[in-house]
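Trainee: In order, the protein sequences belong to chains A and B.
Reading the first sequence from the start, the letters are residues 877 to 965 in our numbering.
Reading the second sequence from the start, the letters are residues 211 to 661 in our numbering.
Be aware that a few hints might be false.
Derived DSSO-like pairs (lysine-lysine); straight-line CA-CA distance at most 27 Å [said to hold, decoys possible]:
1) B:K524 <-> A:K938
2) A:K938 <-> B:K453
3) A:K938 <-> B:K268
4) A:K888 <-> B:K226
Pulled from the structure, derived: some chain B residues nowhere near chain A, Cβ distances all over 10 Å [claimed, not checked]:
5) D216
6) E219
7) D272
8) G275
9) K556
10) V558
11) F645
To be clear about the criterion: a stretch of chain A counts as covered by chain B if any three or more of its residues have a C-beta under 8 Å from a C-beta of chain B, and this derived list gives those stretches [stated by the list, open to error]:
12) 912-924
13) 934-941
14) 956-964
No wet-lab data here; the hints were simulated from the structure.
Glycine is no exception: its CB is placed at the ideal position from the N, C-alpha and C atoms.
What follows is each chain in one-letter form.
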Amino acid sequence: MRAVVTVTGKDKKGIIAKVSAFLAEKNVNIEDISQTILGEYFAMIMLADVTSATEDIASLAKECEEMGKTIGMSVRVQHEDIFNAMHSI
Amino acid sequence: MFNQFDVLETIDMIEKEHLDIRTITMGLSLLPCIAGDAKTTAEKAYDLVCKRAEHLVKVARDLSGEYGIPIVNKRVSVTPVSLLCASFPEEAGLVGAALDRAANTLGIDFLGGYSALVHKSMADYERTFIETIPEVLATTTRLCSSVNVGSTKSGINMDAVALMGEIFKRTAELTKEQDGIGCAKLVAFCNAVEDNPFMAGAFHGVGESHAAINVGVSGPGVVQHALEAIPNANLLDAAEMIKRTAFKITRAGQLIAKEAARRLGAEFGIVDLSLAPTPARGDSVAHILEELGISTVGGHGTTAALAMLNDAVKKGGVMASSRVGGLSGAFIPVSEDIGMIEAAEKGVLCLDKLEAMTCVCSVGLDMIAIPGDTPASTIAAIIADEAAIGMINAKTTAVRVIPAPGKGVGDSVNFGGLLGRAPVMPVHDTDSSKFIGRGGSIPAPIHSFKN
Numbered sequence: 877m878r879a880v881v882t883v884t885g886k887d888k889k890g891i892i893a894k895v896s897a898f899l900a901e902k903n904v905n906i907e908d909i910s911q912t913i914l915g916e917y918f919a920m921i922m923l924a925d926v927t928s929a930t931e932d933i934a935s936l937a938k939e940c941e942e943m944g945k946t947i948g949m950s951v952r953v954q955h956e957d958i959f960n961a962m963h964s965i
Numbered sequence: 211m212f213n214q215f216d217v218l219e220t221i222d223m224i225e226k227e228h229l230d231i232r233t234i235t236m237g238l239s240l241l242p243c244i245a246g247d248a249k250t251t252a253e254k255a256y257d258l259v260c261k262r263a264e265h266l267v268k269v270a271r272d273l274s275g276e277y278g279i280p281i282v283n284k285r286v287s288v289t290p291v292s293l294l295c296a297s298f299p300e301e302a303g304l305v306g307a308a309l310d311r312a313a314n315t316l317g318i319d320f321l322g323g324y325s326a327l328v329h330k331s332m333a334d335y336e337r338t339f340i341e342t343i344p345e346v347l348a349t350t351t352r353l354c355s356s357v358n359v360g361s362t363k364s365g366i367n368m369d370a371v372a373l374m375g376e377i378f379k380r381t382a383e384l385t386k387e388q389d390g391i392g393c394a395k396l397v398a399f400c401n402a403v404e405d406n407p408f409m410a411g412a413f414h415g416v417g418e419s420h421a422a423i424n425v426g427v428s429g430p431g432v433v434q435h436a437l438e439a440i441p442n443a444n445l446l447d448a449a450e451m452i453k454r455t456a457f458k459i460t461r462a463g464q465l466i467a468k469e470a471a472r473r474l475g476a477e478f479g480i481v482d483l484s485l486a487p488t489p490a491r492g493d494s495v496a497h498i499l500e501e502l503g504i505s506t507v508g509g510h511g512t513t514a515a516l517a518m519l520n521d522a523v524k525k526g527g528v529m530a531s532s533r534v535g536g537l538s539g540a541f542i543p544v545s546e547d548i549g550m551i552e553a554a555e556k557g558v559l560c561l562d563k564l565e566a567m568t569c570v571c572s573v574g575l576d577m578i579a580i581p582g583d584t585p586a587s588t589i590a591a592i593i594a595d596e597a598a599i600g601m602i603n604a605k606t607t608a609v610r611v612i613p614a615p616g617k618g619v620g621d622s623v624n625f626g627g628l629l630g631r632a633p634v635m636p637v638h639d640t641d642s643s644k645f646i647g648r649g650g651s652i653p654a655p656i657h658s659f660k661n
């Protein structure tokens with residue numbers, strides 16, 4: 877089962893390091909990353925395998941949101957199907 | 211890997227433009243609950259609803275957490291209660307109270323189906339049942355009621371229409387301490403549908419399975435935002451944009467509906483292709499029409515803009531779902547849409563224009579406060595006009611008006627939450643009592659004979 881992790885907010889140092897370390901701790905495997913910076917705005921999208929994660933997506937989402945707050949970023953974890961459904965036929 | 215713009219678009223839709231699943235409604239057949247007396251029937255209905263929908267709230271919460279999309283309402287619709295109570299209609303209130311208790315136990319928002327279908331004629335037991343509605347709505351909190359008074363196939367039952375005028379008045383009177391809130395839970399329909407997930411008109415038709423999941427999506431803010439990006443586009447291009455947006459919104463609904471049905475052991479019923487507003491700013495159908503170029507909703511051009519919007523929403527949505535149904539279209543409830551509220555307060559949006567708008571969208575005159583001293587026959591005549599539009603155009607129409615007790619034009623009512631607030635709108639002070647007093651029925655139109 878895969879989830880999409882999105883991180884958005886004002887660019888600063890160490891965002892990827894912090895987020896990926898947190899996900900590794902939860903036994904989440906990152907399969908793909910894309911990242912852009914638009915002016916001061918940072919946007920990163922990760923595709924992550926959560927099959928053997930230590931908790932379910934909903935709890936993971938909550939914890940990531942909390943962790944994001946500590947570095948001033950919005951971090952979301954969502955089942956990949958919501959994006960598949962809305963953007964592919 | 212996903213296109214990052216697609217991913218960010220979905221997130222913006224949810225976080226900034228109020229995209230949500232408006233309701234997951236579990237339709238339940240209560241036919242197995244019919245017993246020889248009201249008390250036993252009520253107990254069986256309570257047990258069945260509590261058992262079958264036990265996990266509804268939890269599943270909705272889980273899905274919301276996993277997919278990162280809000281699910282606003284959790285609801286249950288049931289078999290029209292008049293059918294359960296045909297042999298003891300005067301005690302139907304016991305069943306209504308039990309269903310309201312079940313809704314409280316489950317922690318759901320509303321339970322619909324305290325309903326009767328009398329579109330062709332009204333049996334004695336149905337009349338007795340309908341007479342119980344005001345008292346039942348005044349003594350329950352989450353129970354919703356609807357009565358189907360007409361259909362394209364059978365015409366309009368004008369005796370039922372006349373009775374409903376009285377029922378709206380009595381319901382308002384019995385809930386006068388709360389501005390007549392009972393009427394916010396009561397709808398008179400023409401061409402009522404059996405798989406509607408929206409309140410107050412949801413009930414579970416007898417042609418449905420034992421349990422079905424019907425989902426209503428929402429996203430007026432998403433459509434408005436998409437149109438803002440093409441401010442000078444011609445209307446053909448604007449319609450295309452609405453279609454594409456409706457497709458995406460509906461796909462989210464389809465995903466949630468399928469998954470909810472699987473987890474709850476119910477059949478996937480339908481996705482209702484709806485644009486349902488809330489009183490929140492940025493979640494308004496009126497503002498979409500204004501974005502298209504009508505300076506204030508209710509002004510000239512409103513009906514044309516709404517017709518285009520409604521049609522484009524359906525075209526986009528139909529391809530996105532394997533089964534569509536319910537009311538499907540843009541809703542125009544006055545008290546639940548900030549743009550409608552403001553246009554009504556300015557005096558631009560009036561009852562006559564709203565009636566014209568209901569010819570081209572779902573569903574009808576919805577959540578409109580009218581003066582408390584409006585005669586029952588006038589309310590009945592308003593219902594008859596709406597039913598005629600539904601009957602002739604083979605579409606669902608409905609009336610949910612609130613004759614606000616003790617209030618007149620210039621006052622307003624406030625129900626709070628999703629039900630919102632509404633200025634009391636004027637009605638014509640002409641007399642329709644002779645027309646309504648004639649009774650009988652309006653025959654089905656010639657184009658209904660298609661066999």
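Trainee: Of all the hints numbered above, which does this structure not satisfy? Sort the numbers upward.
Mentor: Numbers 1, 2, 5, 6, 7, 8, in rising order.
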